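Got chain L sorted already, so can you dock chain E with the ligands onto it with the hints?
Those sequence lines, one after another, are chains L and E.
Residue numbering for the first sequence follows this note's numbering, starting at 1 and increasing by one per position.
Residue numbering for the second sequence follows this note's numbering, starting at 270 and increasing by one per position.
Errors might be hidden in some of the hints.
[Said to hold, decoys possible] One side of the interface only, derived from the structure: several residues of chain L facing chain E at Cβ under 7 Å:
1) 95
2) 125
3) 142
4) 160
5) 168
6) 243
7) 251
8) 263
9) 264
Worth flagging that the hints you see were computed from the coordinates, not collected in a lab.
This structure is a prediction, so every number in the text was calculated from the model and none was measured.
Note that beta-carbon positions come from the ideal geometry of N, C-alpha and C, so glycine has one too.
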Amino acid sequence: MRIIVLIKQVPEMDRVKFDSEKGVIDRKSAGVEINPFDLNALETAVQIKEQVGGEIIALSMGPPRAEKTLREAVARGADRGILLSDGKFAGADTRATSFTLARAIEKAAPFDLVIAGEMTVDGDTAQVGPQTAEYLDIPHVAYVTDLEEASDSSLTVTCNIWEGSYRKRMHLPGLITVTKDINFPRLPELKNKMKSREVEICRWDFSTFSDNLSPEQTGLKGSPTQVKKITIPPPIERKGQVFSPEETDEALAAIEKICREKRVSGGQS
Amino acid sequence: MTQQEYNGIMVIAEQKDGKVHPVAFELLGKARKLVEKKPQGVMGLVLGPETLDAKNLIEGGADRVFHVTSEIFNLPDELIYKENILPIIREIKPAIVLIGATTFGRSLAPRIAAALDTGLTADCTDLQIDDDGKLVQIRPAFTENILAHIKTKTYPQMATIRYREFSRPDLDPERKGEIILREPSVTSQNRVEILEEVTRQKTNIAEAEIVVAGGRGLKNAPDFITLQELADLLGGTVGATRDVVDAGFISKAHQVGYSGHRVKPLLYIACGISGAPQHKAGMKESETIIAINTDPSAPIFSIADIGIVGDWAEVIPRLLEKLKQ
Ligand SMILES: Cc1cc2nc3c(=O)[nH]c(=O)nc-3n(C[C@H](O)[C@H](O)[C@H](O)COP(=O)(O)OP(=O)(O)OC[C@H]3O[C@@H](n4cnc5c(N)ncnc54)[C@H](O)[C@@H]3O)c2cc1C
Ligand SMILES: Nc1ncnc2c1ncn2[C@@H]1O[C@H](COP(=O)(O)O)[C@@H](O)[C@H]1O
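The following block holds chain L by itself, in its conformation from the complex (with noise of 0.2 Å):
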């Protein structure tokens, strides 16, 4: 089985600043990682392999140093690594991602499945798991929660779907967007982060698509949606009275009397 995971280098999101009377983010004061629900997807197609045997590649589309998230997944299990990176890439939107990635996974073909993450948390989406598996032509299965069977020629998986949960079989080649429900991902291996250090990155640019894609159809040429302006919520007005240790007693009556208010008429009592 030829396994491709779809892997984003993104900001680390607890340490980015924001300035928040100009709206503007400061990307520099935050360290970049794996995306963490990519962490799941790679985890995936690491037992799928362990179970199947196969090859995995990790596929990136970012900047240059999005070269060592490529490692670190080698690091975790994949076998090799590409990085799609060109100027002419960047400012993509979710169309023109999805449709660059899967321009890419035909490159790399032949495969049998791509999995993706639930979504990122910098883009937070959720779109381009599907929206690759349409440019493909091939099936998907979206929020998926639980891996049962594995074989070369389907996928039985439970998935996240209409407030409740479905089991559904997909015959491959097809595409999964995976949850952190799924697995707990592993520390890299010992041989595997000797490996990542001197296995090569594949560097693809966009000459190498130069037979199936044109400009105006990757990065923000091919973007059709665009951020016109960046505004700053309004901060929630809290009344914000805080009791302390010593008057419990107030603060009790307090949310007695909001509780009382609140009650919805279905409660007990």
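Same frame as chain L, now just chain E with the ligands:
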């Protein structure tokens, strides 16, 4: 693609077993307000069994409703949905297509947008019409620290919109409109088999009016029984932080926050929750917030209407006692 060819707003209404998801009505209500600025029609598109009452969508604000009738739409099959939606969008050419940002909506909309090769904005919280008549799609970004205002160059302009951002219009039984029945063009595909429905979520926390939530200040699963007791008494639902869900105290269905459910209840009671940005992202719009935390510097207090510095295990049982009187 020119703007002239594309007209009106189409709301794709999600349904299951003939019951339309409430977000569809919220979107119809919003669409009516948007068309005031530029007179064009509001359309509904629903794929569901014959028993589904499409007239409700007219009462909610649609001028025309396309109802593709088949039992097959009681299964969450993105591929069959897509094949039946595409011909209608291609024929009707709506300028704007809105879909609720439910799990199914967020899985289906990207496939439709890619098939039409148009732009799609995810998980919007507000919509406006600009002076040039184009749609402005507003969505939070960077853990809700900023709001991005997005416009789409291509047609139709597509967006998924969060549940509970817009108010639900009152249904108007006098409203007139046209229901157009369609036969499904595709009823099977052989690439994904839907084997069975495993669970149906009993706790629909996204719709709860009252949420009693617990975090790391709770020490084990049985601690949640006390919160459940309060929730039952108030007619509410129990919520939780990711940390206690990961610890296995309670199921993921109860998780509130960035990677869990977004809630907007009348009352949110946070017990032993520090108030991390990822948790606040899911609950900060609650009407009233009560926080109980032993640490006076816990960030949750900065968004609480009433904060109590104290042990939840002392405060909640005393509150229960008072409420039972
Ligand atoms: C990508 C990503 C997504 C995430 N998504 C979510 C999400 O959807 N939802 C979410 O909740 N988190 C999410 N998180 C995690 C989040 O960052 C925090 O780790 C989490 O919210 C903290 O949970 P907590 O408040 O229960 O625990 P803690 O931060 O450990 O806080 C526990 C609090 O309880 C108080 N306390 C202790 N004992 C008592 C007592 N007896 N009585 C009263 N108070 C007491 C303590 O003072 C403390 O403030 C996400 C993180 C990442 C990186
Ligand atoms: N630039 C990228 N390179 C590789 N994979 C990506 C990229 N952007 C998004 N993805 C994949 O798509 C998933 C969903 O991303 P998003 O639609 O941005 O929320 C991520 O978890 C990744 O698996």
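Hint check results:
Given hint, residue 95 (chain L) at the interface with chain E, holds; its Cβ is 6 Å from that chain's nearest Cβ, closer than 7 Å. Among the interface hints, the one on residue 125 (chain L) holds; its C-beta lies about 4 Å from the nearest C-beta in chain E, closer than the 7 Å criterion. This hint holds: residue 142 (chain L) has a C-beta 4 Å from the nearest C-beta of chain E, less than the 7 Å allowed. Residue-level restraint check for residue 160 (chain L) holds (minimum Cβ-Cβ distance to chain E is 6 Å; threshold 7 Å).
Of the supplied interface hints, the one on residue 168 (chain L) holds, with its beta-carbon coming within about 5 Å of a beta-carbon of chain E, less than 7 Å. Checking residue 243 (chain L) against chain E by beta carbon gives a least distance of about 5 Å; that is within 7 Å, so the hint holds. Restraint check, residue 251 (chain L) versus chain E: the minimum CB separation of about 5 Å is within 7 Å; hint holds. Look at residue 263 (chain L): its Cβ gets to within about 5 Å of chain E, closer than 7 Å, so that hint holds up.
About 3 Å separates the beta-carbon of residue 264 (chain L) from the nearest beta-carbon of chain E, less than 7 Å, and the hint is met.
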